[in-house]
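**Q** Each chain, letter by letter, is given below.
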Amino acid sequence: MRKSASFLVAGSALLGAVEAARANDFAAVERGRYLTQAGNCQGCHTPAGEEPFAGSRPLETPFGVIYTPNITFDTETGLGRWTKDDFWRAMHEGKAKDGSQLYPAFPYPHFTKMPREDVDAIYAYLATLEPVRKKRPENELPFPLNWRFTVKGWNMTFFEPGVFRPDPEKSQAWNRGAYLVEGPGHCSGCHTEKNLLGADKKGRHLAGGRLENWSAPDIRAGRHGGLEKWSEEEIVEFLRTGRNAHSAAFSIMSEVISYSTQHMAEADLKAIATYLKDLTGEERAAPRKPADAVMTAGAAIYLDNCTACHVSDGSGVPRFFPPLAGSGKVNNPDPTTVIRVLLEGARAVPTKTHPSPLTMPAFGWKLDDDEIAAVATYVRSSWGNSGGAVEADEVRKLRGLLAEGPP
Amino acid sequence: MAKKLPPVDVVLVGFGWTGAIMAQELTEAGLQVLALERGGWRDTPTHFPTTVAPDELRFYWRHEMFQDTARETLTFRNNDSQTALPMRRWGSFLPGSGVGGSGVHWNGQTFRFLPSDFVAASHNTDRYGPLPEGMTVQDYGVTYDELETHFDRFEKLCGIGGKAGNLRGALQAGGNPFEGRRSDDYPNPPMEMTFAQKQFGMAARELGLNPFPAPSANMSRPYTNPLGVQLAPCTYCGFCEKYGCGNYSKAIPQTTILPVLMGKHNFTLKTHNEVLEITRDSSGRRATGVTHVDVHGEVFEQPAEIVILCAYPLQNARLMMLSGIGRTYDPRSGEGLVGKNYCYQVVSSVDVFYEDRYTNQFVGAGALGMVIDEYNGDNFDHAGLGFIGGGYLACWTTNARPIETHRTPEGTPEWGAGWKKAVKENFLKSTGVSTHGASMAYAQNRLDLDPTYTDVYGRPLLRMTYDFTPNDRAMTAYLTERATEIAKRMGGREIKVNAREGAYDSMPYQTTHNTGGTIMGSTPANSVVNRYLQSWDVPNLFVMGAGVFPQNAGYNPTGTVAALTYWAAEAIKSRYLPDPGPMVRA
Ligand SMILES: Cc1cc2nc3c(=O)[nH]c(=O)nc-3n(C[C@H](O)[C@H](O)[C@H](O)COP(=O)(O)OP(=O)(O)OC[C@H]3O[C@@H](n4cnc5c(N)ncnc54)[C@H](O)[C@@H]3O)c2cc1C
Numbered sequence: 001m002r003k004s005a006s007f008l009v010a011g012s013a014l015l016g017a018v019e020a021a022r023a024n025d026f027a028a029v030e031r032g033r034y035l036t037q038a039g040n041c042q043g044c045h046t047p048a049g050e051e052p053f054a055g056s057r058p059l060e061t062p063f064g065v066i067y068t069p070n071i072t073f074d075t076e077t078g079l080g081r082w083t084k085d086d087f088w089r090a091m092h093e094g095k096a097k098d099g100s101q102l103y104p105a106f107p108y109p110h111f112t113k114m115p116r117e118d119v120d121a122i123y124a125y126l127a128t129l130e131p132v133r134k135k136r137p138e139n140e141l142p143f144p145l146n147w148r149f150t151v152k153g154w155n156m157t158f159f160e161p162g163v164f165r166p167d168p169e170k171s172q173a174w175n176r177g178a179y180l181v182e183g184p185g186h187c188s189g190c191h192t193e194k195n196l197l198g199a200d201k202k203g204r205h206l207a208g209g210r211l212e213n214w215s216a217p218d219i220r221a222g223r224h225g226g227l228e229k230w231s232e233e234e235i236v237e238f239l240r241t242g243r244n245a246h247s248a249a250f251s252i253m254s255e256v257i258s259y260s261t262q263h264m265a266e267a268d269l270k271a272i273a274t275y276l277k278d279l280t281g282e283e284r285a286a287p288r289k290p291a292d293a294v295m296t297a298g299a300a301i302y303l304d305n306c307t308a309c310h311v312s313d314g315s316g317v318p319r320f321f322p323p324l325a326g327s328g329k330v331n332n333p334d335p336t337t338v339i340r341v342l343l344e345g346a347r348a349v350p351t352k353t354h355p356s357p358l359t360m361p362a363f364g365w366k367l368d369d370d371e372i373a374a375v376a377t378y379v380r381s382s383w384g385n386s387g388g389a390v391e392a393d394e395v396r397k398l399r400g401l402l403a404e405g406p407p
Numbered sequence: 001m002a003k004k005l006p007p008v009d010v011v012l013v014g015f016g017w018t019g020a021i022m023a024q025e026l027t028e029a030g031l032q033v034l035a036l037e038r039g040g041w042r043d044t045p046t047h048f049p050t051t052v053a054p055d056e057l058r059f060y061w062r063h064e065m066f067q068d069t070a071r072e073t074l075t076f077r078n079n080d081s082q083t084a085l086p087m088r089r090w091g092s093f094l095p096g097s098g099v100g101g102s103g104v105h106w107n108g109q110t111f112r113f114l115p116s117d118f119v120a121a122s123h124n125t126d127r128y129g130p131l132p133e134g135m136t137v138q139d140y141g142v143t144y145d146e147l148e149t150h151f152d153r154f155e156k157l158c159g160i161g162g163k164a165g166n167l168r169g170a171l172q173a174g175g176n177p178f179e180g181r182r183s184d185d186y187p188n189p190p191m192e193m194t195f196a197q198k199q200f201g202m203a204a205r206e207l208g209l210n211p212f213p214a215p216s217a218n219m220s221r222p223y224t225n226p227l228g229v230q231l232a233p234c235t236y237c238g239f240c241e242k243y244g245c246g247n248y249s250k251a252i253p254q255t256t257i258l259p260v261l262m263g264k265h266n267f268t269l270k271t272h273n274e275v276l277e278i279t280r281d282s283s284g285r286r287a288t289g290v291t292h293v294d295v296h297g298e299v300f301e302q303p304a305e306i307v308i309l310c311a312y313p314l315q316n317a318r319l320m321m322l323s324g325i326g327r328t329y330d331p332r333s334g335e336g337l338v339g340k341n342y343c344y345q346v347v348s349s350v351d352v353f354y355e356d357r358y359t360n361q362f363v364g365a366g367a368l369g370m371v372i373d374e375y376n377g378d379n380f381d382h383a384g385l386g387f388i389g390g391g392y393l394a395c396w397t398t399n400a401r402p403i404e405t406h407r408t409p410e411g412t413p414e415w416g417a418g419w420k421k422a423v424k425e426n427f428l429k430s431t432g433v434s435t436h437g438a439s440m441a442y443a444q445n446r447l448d449l450d451p452t453y454t455d456v457y458g459r460p461l462l463r464m465t466y467d468f469t470p471n472d473r474a475m476t477a478y479l480t481e482r483a484t485e486i487a488k489r490m491g492g493r494e495i496k497v498n499a500r501e502g503a504y505d506s507m508p509y510q511t512t513h514n515t516g517g518t519i520m521g522s523t524p525a526n527s528v529v530n531r532y533l534q535s536w537d538v539p540n541l542f543v544m545g546a547g548v549f550p551q552n553a554g555y556n557p558t559g560t561v562a563a564l565t566y567w568a569a570e571a572i573k574s575r576y577l578p579d580p581g582p583m584v585r586a
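Residue numbers (full-length UniProt numbering), protein chains in the order written: chain B, 1 to 407; chain F, 1 to 586.
So that you can see chain B by itself, here it is in the shape it has in the complex (with noise of 0.2 Å):
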């Protein structure tokens, strides 16, 4: 009896042990889904409707085209092979199983900024994964480029490998945040203006960029800053439900709230903002004034085509239709979005907690060139809207290029 007896309790602390160690590997994974989703590493590595995970999606650089990898654990054309190490040198570095530099696509210069546990949590994380075989095309670069080894010298001039450093001076909230956009969340990638060689310009840290046809806007929420007029509670909604009372959420962002951001905890969301809310812009010259035939134009084309939705005076429907009164959208000095929005209408992000896809229709192949650019003039320079004029020649462009079609 005794000696089956002390068999059982010995059985049982072995017993506990195991379910510890597989308690401490479910936080492990459970953290590294968690991380996965801040870093919205589904976003480039899966092309729309198909598995996720598992790379192919073509991502249009300004040098070319880069085909994301397949991060499932595939032993052929995933991660199968891959080490714990492998992996942290390719998050931390920039450097593939095989030594090989990764191109700066592959947001690594943020990445650097994650602890050793947190890479091995995403990479538990994915081990997890079903693996798929799924075998990328080759990336179409121009030479010099498609040489890995001049990513060496890019990385020379703009790379430095280290984990994100909290700053003492700050709140605990402020460097998460701060550590949650620089790292993981890599919203620079977007959000900042590249130079020549694709790396962040100088100066210009948040101030907003342009991507596949699309302007990023200034998402500084400090004075003069691209958000300046959202409280802290305003960028945590719009995290947390793809809208509030400014703006909508579509495009590239959808992505990133729909697989991301949405699933945050409130703490993250709100550090997220404490950070933003300390970023501040410049001063912006005022714009030259439109003409005024431009303008008359303009106001009468968006009584009937746009007043329904936006409403006359610019005030929109907040969280339905976005207001224009005041958007950073409509306001930043790059129109690109404005003009694209306008020629193929968007789609604000269906969420958890708002799952209706409101939709605004194309005008493409309603208005003309002229047409579109004096709406788009007057929207910019109407109701204390600054963004200046948008020429006829700007629409013919952008109309060009979308109709390149994505790669």
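Think of the hints as simulated: they come from the structure by calculation, not from any bench. As the structure is a computational prediction, the values presented were derived from the model and not from experiment. C-beta: ideal position from N, C-alpha, C; glycine also. Please note that the accuracy of each hint is not assured.
Said to hold, decoys possible - Partial list, derived from the structure: chain B residues whose beta carbon lies under 8 Å from chain F: (1) Ala308; (2) Cys309; (3) Val317; (4) Phe320; (5) Pro355; (6) Pro357; (7) Thr359; (8) Pro361; (9) Phe363; (10) Gly364.
Got chain B sorted already, so can you dock chain F with the ligand onto it with the hints?
**A** Then chain F with the ligand, alone, in the frame of chain B:
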């Protein structure tokens, strides 16, 4: 040989209003639900964005939203002495096809029937004595009180704007004093009224009547429904009825349910798949599923535990007949029930023309109106009037469309320069009072299969035998007189009475409120479905829609259709699933 597909828990035949509600309810209960829709996918930005929604040629004159009569229509005759002929172009009613069904191009006038409407036979017999010879009116078998919470759910789903008249038994000034007791007010306030409604309200009050704002599924303000789906404020553009709304301002399946439903893993929708038949096992007492055909003509067999017809009353009745479920009604013998008690809606109007006041009717919305209910149902004493039932009177400003709208005064030539002049002079300066009357069931009005004409698959078309009844004629004459009294007091230069006289004409648009054919009731001897909309003959078959109305009341049907759908869904979840079988013992 039809290809056999993997079984599902529930197959829904048709995916309009009732299909969408059923799918949402039954997927919430965890069932695997498949909806089969004969038409295509439709959503707001792709199919009727603001840039194309108000296209009169495309949507109304060329019938883009409606069932394609070249593939299938129905034949029509007024009575048995005539030979029914196919309706090759829709007129009097406009059945929809495609995701959302007629729910996409409806107006949004969203009423609840009166408590007495559900007990029309017993209530009227108690008060006025036996029903006249040939009238086949009967009780629904379900009461207003049982449906109350379900009405409330639909109103909240749709964001109906209105003013309660009876809140938990307390009468509310400005609402409909005759309505049944409501557990809650409407989720939104009434719409903004125009000059015409103000004139109507004034005239009605002078006559001692109680005008109230029409309950509207066109949004009076931005609204997020209990599912989190968003409806935007109405812009009063006047393109509701016969059109899809480009502004997300009209409650339709797409703007209330689909954004949530389409993301569910236990829901599947197959478009361009027309159901041909409900299949049964050898006992004939159990549905095994349906057969359906895709656009390439390939036929599939879809097994299911539960089959629910959501294909609009006319199709529901036809599918029952084509599948041989129940006996088709024969007025000579009085036997059979499928196709019995086909009813409609009896409408008339009185136009009002102003000399120097602008009504600007183009600023309108499908359910923008003021209503009086004094002459509806049994809200007034019918002694000596020679009819039962009634209807509401309303001043609607639903639209004024460049091609469709041409109200002209009495004596205007039918064409030519005189007609054009009159249209021009009155386009901005007219309005009207309309009457929306009930339709009581009579023995000779019915649906059955046509002996001659067939659809694109060679199957018999549905045949409609219908004319206005003595009750209808007396009722509409009475309502038209009441409307005239109001119209005369609306301050116009002149009026024009458009009475509903003569035989029912299937061409001019009246309403798409076809009811009956698969009626509900208390026993298998008087009805096709029981009070839970469950087939008496085949207990795993359910039939939704206004086809279950034993007769039609003086209101638009959809509020009651939806409440009955929620009621049936509730019964399936709470009673049928735990114990599959007949929910009412015969
Ligand atoms: C112009 C117009 C205005 C209206 N205005 C109002 C109003 O203001 N107030 C009101 O209360 N009601 C109104 N209605 C009525 C309202 O639209 C209907 O009551 C409601 O849509 C009925 O819902 P349902 O699900 O029964 O049918 P529907 O919504 O029509 O859906 C039926 C669906 O079944 C599909 N179907 C049919 N047969 C088959 C088959 N064999 N296989 C597969 N699919 C099939 C059809 O294509 C359709 O999509 C209006 C209707 C019209 C046409």
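**Q** The structure should be examined with respect to each hint, and the outcome stated for every one.
**A** Against the structure, the hints:
1. A cut of 8 Å between beta carbons decides the hint on B:Ala308: the least distance to chain F is about 5 Å, and the hint holds.
2. With a cut of 8 Å, the hint placing B:Cys309 at the interface with chain F holds, because the nearest CB-to-CB distance is about 7 Å.
3. Look at B:Val317: its Cβ gets to within about 5 Å of chain F, closer than 8 Å, so that hint holds up.
4. Nearest Cβ of chain F to the Cβ of B:Phe320: about 5 Å, under the 8 Å cut. The hint holds.
5. Among the interface hints, the one on B:Pro355 holds; its C-beta lies about 4 Å from the nearest C-beta in chain F, closer than the 8 Å criterion.
6. The interface hint given for B:Pro357 is met, as the beta carbon of that residue sits about 6 Å from the closest beta carbon of chain F, less than 8 Å.
7. Because the smallest distance between the Cβ of B:Thr359 and any Cβ of chain F comes to about 4 Å, under 8 Å, the interface hint for this residue holds.
8. Checking B:Pro361 against chain F by beta carbon gives a least distance of about 3 Å; that is within 8 Å, so the hint holds.
9. The criterion of a C-beta within 8 Å of any C-beta in chain F is met by B:Phe363, whose closest approach is roughly 7 Å, and the hint holds.
10. Using the Cβ-Cβ criterion of 8 Å, the hint placing B:Gly364 at the interface with chain F is not satisfied: the shortest such distance is roughly 10 Å.
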